[in-house]
Each structure stands twice: as C-alpha cells, then as structure tokens.
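**Q** If you want the building blocks of each chain, they are given just below.
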Amino acid sequence: EPEVTQTPSHQVTQMGQEVILRCVPISNHLYFYWYRQILGQKVEFLVSFYNNEISEKSEIFDDQFSVERPDGSNFTLKIRSTKLEDSAMYFCASSENLSWEGDTEAFFGQGTRLTVV
Amino acid sequence: DAKTTQPPSMDCAEGRAANLPCNHSTISGNEYVYWYRQIHSQGPQYIIHGLKNNETNEMASLIITEDRKSSTLILPHATLRDTAVYYCIVRYSGNTPLVFGKGTRLSVIA
Chain A
1 EPEVTQTPSH QVTQMGQEVI LRCVPISNHL YFYWYRQILG QKVEFLVSFY
51 NNEISEKSEI FDDQFSVERP DGSNFTLKIR STKLEDSAMY FCASSENLSW
101 EGDTEAFFGQ GTRLTVV
Chain B
1 DAKTTQPPSM DCAEGRAANL PCNHSTISGN EYVYWYRQIH SQGPQYIIHG
51 LKNNETNEMA SLIITEDRKS STLILPHATL RDTAVYYCIV RYSGNTPLVF
101 GKGTRLSVIA
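Protein sequence lines correspond, in order, to chains A and B. Taking this note's numbering as reference, the numbering of the first sequence is continuous, increasing by one, and the terminal residue is 117. Taking this note's numbering as reference, the numbering of the second sequence is continuous, increasing by one, and the terminal residue is 110.
Okay, derived cross-link-like pairs now, DSS-like style, lysine-lysine, Cα gap no bigger than 27 Å in a straight line:
(1) B:K102 <-> A:K83
(2) B:K102 <-> A:K42
(3) A:K57 <-> A:K42
(4) A:K57 <-> B:K102
(5) B:K102 <-> B:K69
(6) A:K42 <-> B:K69
(7) B:K3 <-> B:K102
Hint data in this document are derived by calculation from the structure and do not stem from the laboratory.
Using the sequences and the accompanying hints, generate a full structural model.
**A** In structure tokens form, the structure reads like this:
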C-alpha cells in the first residue's frame, strides 16, 4: 500500500538553527500538507501546497516557515531560526487532486519529532 | 476551530463493538464527515468518511443521522490495537485542510 514517508524520524537542533524536514508524498498525489502536534496538544494545520504554491496557511505558519517541492518527489518544510516552542511532531500529508469538489482522504506520514534545545 | 463535539474518553471491552459518537449540528449540506485515529504519537490514520449515507469499509462503519447533525463510528469487534484517539472532522471539500479537535480517547480493555 502506498504511503507518505518522512525523514528524519527524530531531529534534535539547537535554538536558532535552521532545520529542513523532508517528506515523500504518495506518488500520484498533488496536494500536500504540513501539520504539527505539540506534545499533549491537538494536531494543528500549518500549510497546504498545490501546483508549486501555497494554497492555504494558518496563523502558525509565519515568516520563519517555508515549504518547497524541490524535485518531483520531495516536499520540504524549512524552519529558519528554530525556537524552543517549535519542538513538536511534524506530520506531512498528501491527497489526490480533484478537478471538482468532492471527497478524498488525506494520508499522513509517521512524523518527524523535532526537539529544539 | 473544530466544528464537532466528541466525548473526551470511552472504554470498550475487547471483542465488543465500539460506538463512538460525534455531534456536528452546524454541518452544511456539502460538508463531509471524516474519521481519523491516532495511535500514540503516530501520524493520523484515515478510517472512513461519508456525506449522507451510511458507509462501511474493512475498518469500520459510519452511521450518519438523517438530519446529518450527528454520526457514530462503529468498530465492530474492537481489539487492543484499536486503542487510540479518534477524531471526527467535518470538511467542506476534498482538499481543504483537516481541522482536528481533541477527539475521543478510546481504551480497549482486555
């Protein structure tokens, strides 16, 4: 069964450093998402990405965050200058593109645990 | 914010059916009901979704009331591996972001 793959599974970084989290979405999917979950809290939407541009973003997704699809398979989340409060699980998800409004499920990766020290 | 209301926790005996309720009284006509679950801190796992009709797949059944203001996820024979947080999510169209609430923590007990 196809799956969303995320690397690394765990990353430790020093405050102020830049990190890049990587995701390989399911191959025929064209909509991509990043979510985060701070320990003990809800899963929160960060950003969605389609056709090489951001289609929606939340208030959390400020100027320190950026996303990119550098090649045909990877989808990355960059955090420019990490803060202690960026420590969380980061989940990537993907879904099929629909040319009409309809139902389709999003599939999630297993996440990257980011620890900022 | 999530447009759904779920009980914070439920217990279920192993082998019995687990019935997880969800209220979505403000749902609009073209919004779907999705169910996901999260085991420990793993990525959310898709379970099932529906619009108006009841749905069944290999994992679960989804019962949506006629007025669409509530729904029930049924796991027909719960196992210990079904212990997880279950999220009921109302979603407008296929590619809009999922908005997670706090979900229901289901504990399956041997």
